[in-house]
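A.B. asks: Let's have the full structure, built from the sequences with the hints guiding it.
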Amino acid sequence: MTTMSMLRDAYRAISQFHENERLIAWLQDRRAVVWFTARRRRQILFFGAILAGAIATFRRQSQWKSHLSATGWLAPILAVAILLALLYLLYLAAKHFSRLPALVRRRPQIALHTLFWLIIVLAWIAPDEAGVWKTVIFLIAVSIPYLVWRCGYMLLSGQRGKAAGTSFRDHLFYIWPIWGGANVPAGKGADYLTQCEAQSPDAYTRSALAGIKLLILAQIWDLTQLLMGALVFSNPKNSLAPLLKGYSLEIPRARTLLANEAPASLLMTWLSLYLEFIWETLNIAARGHVWIGALRLLGFNVFRNTYKPLLATSIIDFWNRYYYYFKELLVEFFFFPIYVRYFRTQPKLRMFVAVFAAAFVGNMYYHFLNARNGIAAGELPNIWATLGRPRTGYCFLLALGIYISMLRQQKKRGKTAQPNAGTTLARRLVQMAGVWTFFSLIYIWDLAGSATLFDRVGFFFSLFGF
Amino acid sequence: MNSLNDRPARKAALIEFLRNIQRPDHPIDAIPEDQKLVESGLIDSLALLQIVSYLEETYRIDFRERGVNPADLGSVGAILDLIERGGA
Chain A
0 MTTMSMLRDA YRAISQFHEN ERLIAWLQDR RAVVWFTARR RRQILFFGAI LAGAIATFRR
60 QSQWKSHLSA TGWLAPILAV AILLALLYLL YLAAKHFSRL PALVRRRPQI ALHTLFWLII
120 VLAWIAPDEA GVWKTVIFLI AVSIPYLVWR CGYMLLSGQR GKAAGTSFRD HLFYIWPIWG
180 GANVPAGKGA DYLTQCEAQS PDAYTRSALA GIKLLILAQI WDLTQLLMGA LVFSNPKNSL
240 APLLKGYSLE IPRARTLLAN EAPASLLMTW LSLYLEFIWE TLNIAARGHV WIGALRLLGF
300 NVFRNTYKPL LATSIIDFWN RYYYYFKELL VEFFFFPIYV RYFRTQPKLR MFVAVFAAAF
360 VGNMYYHFLN ARNGIAAGEL PNIWATLGRP RTGYCFLLAL GIYISMLRQQ KKRGKTAQPN
420 AGTTLARRLV QMAGVWTFFS LIYIWDLAGS ATLFDRVGFF FSLFGF
Chain B
0 MNSLNDRPAR KAALIEFLRN IQRPDHPIDA IPEDQKLVES GLIDSLALLQ IVSYLEETYR
60 IDFRERGVNP ADLGSVGAIL DLIERGGA
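Note that the protein sequences, when read in sequence, are chains A and B. Heads up: the first sequence begins at 0 in numbering that gives the first Met the number 0, then just goes up one per residue. Heads up: the second sequence begins at 0 in numbering that gives the first Met the number 0, then just goes up one per residue.
Some clues are possibly wrong.
Here are the simulated lysine to aspartate or glutamate pairs, EDC-like style, with alpha carbons at most 16 Å apart [to be verified]: (1) A:Lys64 to A:Asp8; (2) A:Lys411 to A:Asp316; (3) A:Lys307 to B:Asp33; (4) A:Lys161 to B:Glu38; (5) A:Lys236 to A:Glu249; (6) A:Lys410 to A:Asp316.
The set of hints was computed from the structure by calculation and includes no laboratory data.
C.D. replies: Encoded structure:
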């Protein structure tokens, strides 16, 4: 056996430790694993959800203190109680979906968003004299961007007829998950989570080991980002900077180039854009691995959020691998509802409209609702100016790229691969470079900063010497 | 309406259709009913759209009322079950 093959085997044994059958067989008989049944895990998650919801609401009060005239312990407690009651009513709506009015049954997601927007409007118009009640409404309204998509999955479960036999605790644990996470529901809702839930000590051991692997990977990507910050971007606040004794490639961040804060050659500008794209991909991967790692440790062996996106060979392939649960959100709440309803006899137009509904309209709406400036604070013009306008360009180009990529992929499918006619390495590298270039370029419209949509168009053309 | 009245005939027609939308690098040969189509790499998630269109056209399944549940399209067996339930 050569040294190379020994090293390869050693790497495989370490990186695939979660599939080591001897380790799995040993672990699954441990008392803790046997005790930690699916029923017990769900009980812990249910009570954990109430605690997580309460902590999140108290945190939101301190985060938004400057906007609130009356703060204290009472408002968050009342807000949690009302939110729990609201979630319970939505659970009943999902459970008895067939008994809902026809209008709601036909468009459950629109009905849900209308209800939540009414609460947001109530937060805008509530007078200061309402005191603690204004704070309560505000705390409920600022919780909506986090809750609305999770409640959407609960209603989707009802629409599919899967919620009838479920209890409130089967839903609350993912609506207020103890692992926190972003507004995008990692692991989607009850249907998918139940499908992936480990029911035996053997399945739980496999799930937990896969979770540990992801948590380790998250740490590795965090460290890589840290190293990149010091070595590539020369961030003086980076904790690794002293170790490197000031050595750095000193490549400027793309946002500083966009804001004209630092001069750079054309080559450096391109390099900066590619590195920004890699940085963002690492960031998404590290965060997603933590959420999915936690879910797997809790026995839900769900798909990864990010799976080797830099190896993608088409735009649609990258979109599938980069931020899986955000893509799923857009597909399930925007793409499919449009796809099954409109232009059913015109396949290309049908796909075009559905893609734009998801990647453009849905994507814009999600980020608008997500805005840190605060929908509940009623700062809509501000949100539109800083986030909406530049992002329009990003979402438009993304939707166009996905549509073209889907058409190209559709043409390729169905052709049986010839033996030994697999994609050559060189061709694969060219395809990957194309994907990197596309996403690096459209990221210009997603970079933080005050540059307008048209400033970014100018920056884009400057990359080609115009 | 289709003339595919029994499960084996529907399965044969479905496999034939899947061959037309398979990934070029993962040819479909014998495929167990419970094999996950997307996860095992036989088709990509985009192909789910074509399965939706196939079910609409061949079996007149209407997804407007209940929506599309990717789990119902996850394997040959799941798709056949969906056809038998008439999309419900």
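A.B. asks: Compare the structure with each hint and give your call.
C.D. replies: So, going through the hints one by one against the coordinates:
Between Lys64 (chain A) and Asp8 (chain A) the alpha-carbon distance is near 56 Å, which puts this suggested pair outside the 16 Å criterion. A threshold of 16 Å between alpha carbons decides the hint, and for Lys411 (chain A) with Asp316 (chain A) the separation of about 13 Å falls inside it, so the pair holds. Distance check on the hinted pair: Lys307 (chain A) and Asp33 (chain B) sit about 26 Å apart at the alpha-carbon level, beyond 16 Å; violated. Taken as a hint, the Lys161 (chain A) and Glu38 (chain B) pair is broken in the structure, with Cα atoms around 22 Å apart against an allowance of 16 Å.
Simply put, Lys236 (chain A) and Glu249 (chain A) have alpha-carbon atoms about 14 Å apart, close enough for the 16 Å limit, and the pair holds. A threshold of 16 Å between alpha carbons decides the hint, and for Lys410 (chain A) with Asp316 (chain A) the separation of about 15 Å falls inside it, so the pair holds.
In terms of the numbered hints stated before, the structure departs from hints 1, 3, 4, listed from lowest to highest.
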